[in-house]
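Here is how the chains run, residue by residue.
Protein chains: 2
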Amino acid sequence: MAHACSTVKPAVSSKTLVEIPSVSADPDRMHDVLRVAEAACQILRAHGATAELLDTEGGPPIILGTLANDSRAPTLTVYNHLDVQPANEPEWKSDPFVLKVDGDVYSGRGSTDDKGPALTALYGALAAREMGVDTNVRFLWELEEEIGSPHFRSGLNRHRARLADTRSIVVSDTVWLTRGKPSTPTGLRGLQSFSLHLETADHDLHSGLVGGAARNPLTELAGVVAEMVDAYSGRVKIPGFYEDVEELSDAEAAEFARAGFTTETFKKDHQISALRTDDPEEIMRRIWAEPTLEVHGFVGGYVGPGIKSAVPARAEAKLSCRMVPRMRGARTLALVEAFVKQRIPDVRVVAESTLEPYRGIAAGPLADAIRDAYEFGFGTRPAFTREGASIGAVPTMSEILQRPILFLGLSLPEHGYHAPNECYDWTQASGGMAAFARYIERT
Amino acid sequence: MAHACSTVKPAVSSKTLVEIPSVSADPDRMHDVLRVAEAACQILRAHGATAELLDTEGGPPIILGTLANDSRAPTLTVYNHLDVQPANEPEWKSDPFVLKVDGDVYSGRGSTDDKGPALTALYGALAAREMGVDTNVRFLWELEEEIGSPHFRSGLNRHRARLADTRSIVVSDTVWLTRGKPSTPTGLRGLQSFSLHLETADHDLHSGLVGGAARNPLTELAGVVAEMVDAYSGRVKIPGFYEDVEELSDAEAAEFARAGFTTETFKKDHQISALRTDDPEEIMRRIWAEPTLEVHGFVGGYVGPGIKSAVPARAEAKLSCRMVPRMRGARTLALVEAFVKQRIPDVRVVAESTLEPYRGIAAGPLADAIRDAYEFGFGTRPAFTREGASIGAVPTMSEILQRPILFLGLSLPEHGYHAPNECYDWTQASGGMAAFARYIERT
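Chains A and B are the protein sequences, given in the same order. Per this note's numbering, the first sequence starts with residue 329, numbered consecutively. Per this note's numbering, the second sequence starts with residue 329, numbered consecutively.
By construction, these hints were calculated from the structure, which means they are not laboratory data.
As the list makes no split between identical chains, a pair holds if one copy fits it or if it spans any two.
Taking lysine to any residue and the SDA-like style, the derived pairs with C-alpha atoms no more than 20 Å apart in a straight line are:
| hint | residue 1 | residue 2 |
| --- | --- | --- |
| 1 | K421 | H531 |
| 2 | K596 | R642 |
| 3 | K595 | E527 |
| 4 | K565 | R671 |
| 5 | K509 | Q599 |
| 6 | K669 | D558 |
| 7 | K565 | E555 |
| 8 | K509 | V433 |
| 9 | K509 | D696 |
If we strip away everything but chain A, and leave its shape as in the complex, we get (with noise of 0.2 Å):
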């Protein structure tokens, strides 16, 4: 069996997964969802381990591979999603679902979130393995991470015994500052997503025959939207929307500053040509520990060429908040649809997803053993920051396996979460077999 492992090289393996759109919010999808399953199994038993499919409540399985060493020896659990985002951008230089190697570049929907992590993981263990570390370790791939995990509770609470032997549990699904600027989270921001829906009329109207008198939808939910958060600054001015906020404490404010974090290579990443501020520490303040209120789409009216000078007759805004440790997404939808309703009493709002914040640690063994693993896989020890994304596993994990969770990510900011062209590395995979390697002996 390790022979059959070794014949199967990485990019093998990564070309099969990124090659299976399996796009979790798409339905039409939903059997790539399940063949990314089937194959994944199949990596895992070509490389000696375990695989099985847990069952949950009526939504695709959860994978479990197991590389088993030593019955007596500790056990830890490894956590990826496999599932991807949707990849329908205009900008997509190359088939978002053929993986394109371009040297030590590896592009396509889903190299950095989450397949390829996952993949240097699996392989990482192998290496360790190989050089007589006994731990032994269990894959936990999720289906539907980028869709908030709706089943994954399900899964895992029907299947808490199987995972009861980890001690502790590692997460690669986060990204670094920057390339060589290795962090790690000691918090994720949640995430409460929300729709508003207005409706005034059948059809849409003639704005020279009913203009003035007729409300317009568009402009009612742009109007609220523009009393919950200052357009400019993305302060949020809905009442006790910061209560639950923790200060940051002076500890975690030093350290974020020394992070190695500068505003230039932040907008650099991200391509983002203006910032609501340029000061660092205001930047890492607002996406690490802040929360937040985003628009991300106002559906009705007319969006094709020119001008359609008609009155919607109905609209629909998709929002979300992010939110920081303490915040709870039923609080925050709370305060959100008494102020909405205060003002429109008859819009309609819609609850979607949510991902609960996550507090973790930057102290003990297991941190210590996070700082060894990055500084022997990349030779620099990583910043413990904070995330600003969101995990929906990861507080379902720590609710009911009472496990601490540490985080092992390895994506870059450039390597475009959700954006079109993602792409993973081959530094960042092989420095991460080396860091997680180590990481499964320092455990």
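With chain A fixed as given, assemble chain B onto it according to the hints.
Below, chain B alone, put in the same frame as chain A:
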């Protein structure tokens, strides 16, 4: 020739015209726009009129039909348009470009706006001729009214000599208060449409990774819209916006009050479930005598099912202002642009079409002829109110031809100008023919 015309039945002609999809907004439909011009010439000639196509600078021609009776008699020009709105609303119950005849009701795009009224005026003129009226009638049929008449001015300037003999103009492209209550405007609102464009990044961004620090162009455009207009009352907040608005005179306010307008009928006719106010005088003032700022659409971000929590890289707001007499498009746009750029310096403001408002007449022999014509055709004298909608050709004809312009509209709110399932009906057509015959006799 007189014999030939009586063999062409109204329904046959309106069928021909409605079934040519002369959508001026769609460049791919230009051949249909030209086809409708040819069909119109054939109809004119079949009825004993001469027909010619007046060329414009780079646009489709303007149709000029002439029913010459007596060179010593006065000449009247009747304006209509034969282009139509797009018809892609999902609510259409039958093919918008197949004339559906259901009892007395003719359905199809353009049936009431403005092909039906154009033919009604033609048949009214033929009836007047048969009654021995010697007035000469010119039919000026435009092909770009629905897109703001971009080439009408150039065509009219080139061929003004062909129309120099007209004593007055009558336009049939306006809407009654409601069925049984004819109204004729003493003013039209103008329209200045424009769009705001903002780009702050190269591609859509991950709201977890950058949210809070990254500018959100959709939020900013929603915010500046909310600063420009009170979302709930519709009151425009741009300084100077109302400066040129004339106070409604007591006489005009009294005329409005006598018009027979009711809130209930207005809501029912337009199928509006909730208005900004239910006070009928306030509604009339807002739709006829006050300017507006409307949102027609926001482009950018994600508008599919569910939510994609990206921060959009770019966004566009499609907006317009209806303007009342004395306001001007250029000044209105300048006020908007200064206001927006003060708040978002890197926004791009793109002017779309400009239709100036028009101030008409309510007294004198032509206004009396309009009163008499409606009474003859429908048994009811009209209310002299205002028209909230815009007809770009009207101020242009007034300026270039320097002749009085009256309005003999025949459409009803329930006919659905610019709406799905647009229709026209025989009651309005037959009464309209009689009204036109009488008006031609009286001028």
